[in-house]
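Asker: For the record, the sequence lines run as chains P, Y and B.
Residue numbers for the first sequence follow our numbering, so the first one is 1 and each next one is one higher.
Residue numbers for the second sequence follow our numbering, so the first one is 1 and each next one is one higher.
Residue numbers for the third sequence follow our numbering, so the first one is 1 and each next one is one higher.
Everything labelled a hint here was simulated from the structure, so no lab data went into it.
One thing to keep in mind: the hints can contain errors.
Calculated lysine to aspartate or glutamate pairs in the EDC-like style (CA-CA distance at most 16 Å, straight line) [as the list claims (entries may be wrong)]:
1. Lys34(Y) / Glu83(B)
2. Lys87(Y) / Asp54(B)
3. Lys63(Y) / Asp110(Y)
4. Lys63(Y) / Glu21(Y)
5. Lys90(Y) / Asp35(Y)
6. Lys87(Y) / Asp195(Y)
7. Lys90(Y) / Glu21(Y)
8. Lys63(Y) / Glu199(Y)
9. Lys87(Y) / Asp35(Y)
10. Lys90(Y) / Asp18(Y)
11. Lys87(Y) / Glu83(B)
12. Lys34(Y) / Asp81(B)
Chain by chain, the residues run as shown.
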Amino acid sequence: MDVLDALDGNAIGGLLHEVFGTEMTGAGSVCGHCGDARPVAELVVYLQAPGTVVRCRTCANVLMAFVRAHGRTCVDLQGLAALG
Amino acid sequence: MITVMSPISRGFHRRRQDPGENAGRIPPGQYLVKDFPVLSAGPTPHTALDQWSFSVSRGDRQKTWTWDEFRALPSQDVTVDIHCVTKWSKLDTAWQGVSVDTLLAEAGQDGPFAMAHCDGGYTTNLPVADLTGGQAWVAYAYGGQPLEPEHGGPARLLVPHLYFWKSAKWVRSLELRDTNDPGFWENYGYHIYGDPWREQRYAGD
Amino acid sequence: MARAALRGRLTWQVARVSAVSGETAAVKTITLDMPDWPEHQAGQHLDVRLTAEDGYVAERSYSIASAPGEPVAITVERLDDGEVSPYLTDELRPGDDLELRGPIGGYFVWGPGDGGPLLLLAGGSGIVPLRAILRHRERTGSEVPVRLLYSSRSLDDVIYQGELGRPAAGVEVIHTLTRHQPAGWAGYARRVDAALLGEVAWPAAAMPLAYVCGPTSFVEAASQALVQAGYPPLRVKTERFGATGGT
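Sequences and hints are given; from them, build the entire structure.
Answerer: If you want it as structure tokens, here you go:
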């Protein structure tokens, strides 16, 4: 799977709404590693793995990760410097 | 949170193969596939063989092989069943690789736990006891062909008795440690060990 | 107010299939009867969830093909190795239940207040949300000029062919057929590239708003070409459908 096959933040609009309680694809994001800033909709999304991984479009750093287990969603946002 | 029963979608079923006589080889909750799904958490790394190396390390002691040195090590042809935590299982997959027993012996190193480090930043942790005794390889060929990048080439870890997320793609080193620190998926709630026969998918299973 | 569709709980609900109609050999439009549906925005999608008798669950997202105010419809392309799409295109019948949630999305949306001129770039099934935008434009009487560039493998793969053949006033539709062209075809016959966009796209000086949707490789190539042609990145909205057939 290449960046050329990956999806973008639009594809996790439902998941983000579920987690944050509101539409988030239009929210701004800032990468904690390289500072790249863009709407969540434009982040690189890998949906097929054991969990959902969202990466910076510039440096590929993991910005968000979501794992659903036992009816709960584990959310890691540590890669983000800012979201909203 | 109230859970409402979802309606059954009339006529919908998963894409699956009937296991037939092989049913006993499929761990609980798994289904058989004939294709080889590609699941990734990031872009596929493409490492040129003349840039590739593999290391076994413990503390600041490290043994490293170039591609040519690695390929000169004794290798094995193995046919194994593999089980992905996303519930697909594939039987009789044929690989060629260097046994981790060989790598640890050549490196002259030991330790209770290992962290696999990979191109692209992926990591996974395993007890060394599960990497030795003929249970694990660093595999560079699949189905008689050089391992393709989308399936982890140039080389990946192959540990078929555990869920396949432990068979780390694009592996570049095994770092021996005293502690069983969680790797990439383990950090997000996947099981620290991952035995498909005990259905150890998530922490707490 | 459309804004209400973006906040509040996003809950799964059961809709009833009211119609299934063929668009092309591999593409069907499924019209749904929704019990409780806030009006959506053009460009939004919904998530579909299928549950098998053994409890197996599969979820997929599909762009809404209809304009706000029309009966909700999705258009689905059957992927040969797909698990969900063949079920939706080949098995689903009027009267069946379909569990879904939506509408979803607030970035890849257009309303008359967003202005234009609009450049819509569609690769394969990427036409679906753009068609919702076109229908919304027409229903609201917007006069924003539109150019739609639609890349398909062949004429037989063009979705909404009849409708796009009779575009509303102010809408130009340009096709490019990348694999097979009918005899006498005088239109574009290659994948969208910078030169093709140079001929078709609004000049950057017109301050256009672009929406690019389709397979990821299509969206990457087209959106990068637009930015190189001077479109501000914030004025190029993208929605990637992954590595599907498309064009």
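Asker: Which hint numbers does the structure go against, in order from smallest to largest?
Answerer: 4, 8
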